[in-house]
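Chains A and R are the protein sequences, given in the same order. Residue numbers are given in the working numbering: position 71 of the first sequence equals residue 71, and the series is strictly consecutive. Residue numbers are given in the working numbering: position 109 of the second sequence equals residue 109, and the series is strictly consecutive.
Note that these hints are calculated values from the structure, not bench results. Any given hint might turn out to be false.
Claimed, not checked - Straight-line Cα separation of at most 20 Å, EDC-like style, residue types lysine to aspartate or glutamate; simulated pairs:
#1 A:Lys42 <-> R:Glu41
#2 A:Lys68 <-> A:Asp49
#3 R:Lys44 <-> A:Asp27
#4 R:Lys44 <-> A:Asp49
#5 A:Lys58 <-> R:Glu105
#6 R:Lys44 <-> A:Glu2
#7 A:Lys22 <-> A:Asp49
#8 A:Lys58 <-> A:Asp84
#9 R:Lys62 <-> R:Glu18
#10 A:Lys109 <-> R:Glu40
#11 A:Lys42 <-> R:Glu40
#12 A:Lys57 <-> R:Glu105
Claimed, not checked - Stretch by stretch, here's where chain A covers chain R in the computed footprint (C-beta under 8 Å, at least three residues):
#13 29–38
#14 51–58
#15 88–96
#16 105–112
As the list claims (entries may be wrong) - A partial selection of chain R residues facing chain A, derived with a Cβ cut-off under 10 Å:
#17 Gln6
#18 Gly42
#19 Lys44
These numbers come from a predicted model, not from an experiment. C-beta: ideal position from N, C-alpha, C; glycine also.
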Amino acid sequence: GENVEQHPSTLSVQEGDSAVIKCTYSDSASNYFPWYKQELGKRPQLIIDIRSNVGEKKDQRIAVTLNKTAKHFSLHITETQPEDSAVYFCAAVTGGGNKLTFGTGTQLKVEL
Amino acid sequence: NAGVMQNPRHLVRRRGQEARLRCSPMKGHSHVYWYRQLPEEGLKFMVYLQKENIIDESGMPKERFSAEFPKEGPSILRIQQVVRGDSAAYFCASSPLRSDSPNTEAFFGQGTRLTVV
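This is chain A alone, in the form it adopts within the complex (with noise of 0.2 Å):
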């Protein structure tokens, strides 16, 4: 089955820089790739998604990059708030369903 790695486990960031998180993934029928934000104790939520056809996609301070010859995406957050300190975690979907095989998760901390 699919096995997605994440890193860094724990980020640490001046309010303003930017954030990058990495992901990789094994299986190379893996044609779908959200990115998740959980707050404490609450829910995930996507923030933004890319498809196994595209290699790029921005929305306003985010932006995900895929390549999917080295099997790998991220996750780029600039002019980085306070509001954004979360942990952040990366999924792949293999097939037709919705079935999400996350990564392992990344804190980001946001420090003013």
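Fit chain R to the supplied structure of chain A, relying on the hints for placement.
Relative to chain A, chain R alone:
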């Protein structure tokens, strides 16, 4: 649209009791997924259901755990004879069936936090 509704939000059970977790998907969604999140860990897939069908239960423990999604009513995740290691947050997610775009956003419920004492 009320979103994915899970209840209860918090559930305390003594060892050996049964836990029943409920999930009502978003209106129009026919797919339900259950995930477990242990403290300080990521989410792990448990089971994928459509109405009256279990599609993929590869993440379910072999014993004590079962899930259903009846024709009427919410999806139920049932844990029999709970043990302390079952203490976790259990999240349900739902997504619609779209033939033109098989992978679509999965919307998560608020989760049920199960504590076994």
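Right, here's what the structure says about each hint:
1. Taking the CA atoms of Lys42 of chain A and Glu41 of chain R, the gap is near 14 Å; set against the 20 Å cutoff, the hint holds.
2. Distance restraint check for Lys68 of chain A and Asp49 of chain A: the Cα-Cα separation of roughly 15 Å lies within the 20 Å cut-off, and the hinted pair is therefore satisfied.
3. Among the hinted pairs, Lys44 of chain R with Asp27 of chain A is consistent with the structure: their alpha-carbon atoms are about 17 Å apart, no more than 20 Å.
4. Using a Cα cut-off of 20 Å, the hinted pair Lys44 of chain R and Asp49 of chain A holds, with the two alpha carbons roughly 19 Å apart.
5. Proximity of Lys58 of chain A to Glu105 of chain R is assessed by CA-CA distance (about 17 Å); at most 20 Å being required, the pair is judged to hold.
6. Of the pairs offered as hints, the one joining Lys44 of chain R and Glu2 of chain A holds, with about 12 Å between alpha carbons and a cut-off of 20 Å not exceeded.
7. The suggested pairing of Lys22 of chain A with Asp49 of chain A holds, with an alpha-carbon distance near 14 Å, which does not exceed 20 Å.
8. A threshold of 20 Å between alpha carbons decides the hint, and for Lys58 of chain A with Asp84 of chain A the separation of about 16 Å falls inside it, so the pair holds.
9. With a C-alpha separation of about 16 Å, the suggested pair Lys62 of chain R and Glu18 of chain R falls inside the 20 Å cut-off, and the hint holds.
10. Of the pairs offered as hints, the one joining Lys109 of chain A and Glu40 of chain R holds, with about 16 Å between alpha carbons and a cut-off of 20 Å not exceeded.
11. Distance restraint check for Lys42 of chain A and Glu40 of chain R: the Cα-Cα separation of roughly 13 Å lies within the 20 Å cut-off, and the hinted pair is therefore satisfied.
12. With a CA separation close to 15 Å, the supplied pair Lys57 of chain A and Glu105 of chain R stays within the 20 Å bound.
13. Restraint check on the segment 29–38 of chain R versus chain A: 3 residues with Cβ-Cβ distances below 8 Å, three needed, restraint holds.
14. Interface restraint, the segment 51–58 of chain R with chain A: holds (3 residues with C-beta to C-beta distance below 8 Å; minimum three).
15. For the segment 88–96 of chain R, the proposed coverage by chain A is satisfied: 3 residues have a C-beta within less than 8 Å of a C-beta in that chain, meeting the threshold of three.
16. Coverage of the segment 105–112 of chain R by chain A holds [criterion: at least 3 residues with CB-CB distance below 8 Å; count 7].
17. A least Cβ separation of about 9 Å between Gln6 of chain R and chain A falls short of the 10 Å threshold, and the interface hint therefore holds.
18. Taking 10 Å as the C-beta contact cut-off toward chain A, the hint placing Gly42 of chain R at the interface holds, the least distance being around 5 Å.
19. Because the smallest distance between the Cβ of Lys44 of chain R and any Cβ of chain A comes to about 7 Å, under 10 Å, the interface hint for this residue holds.
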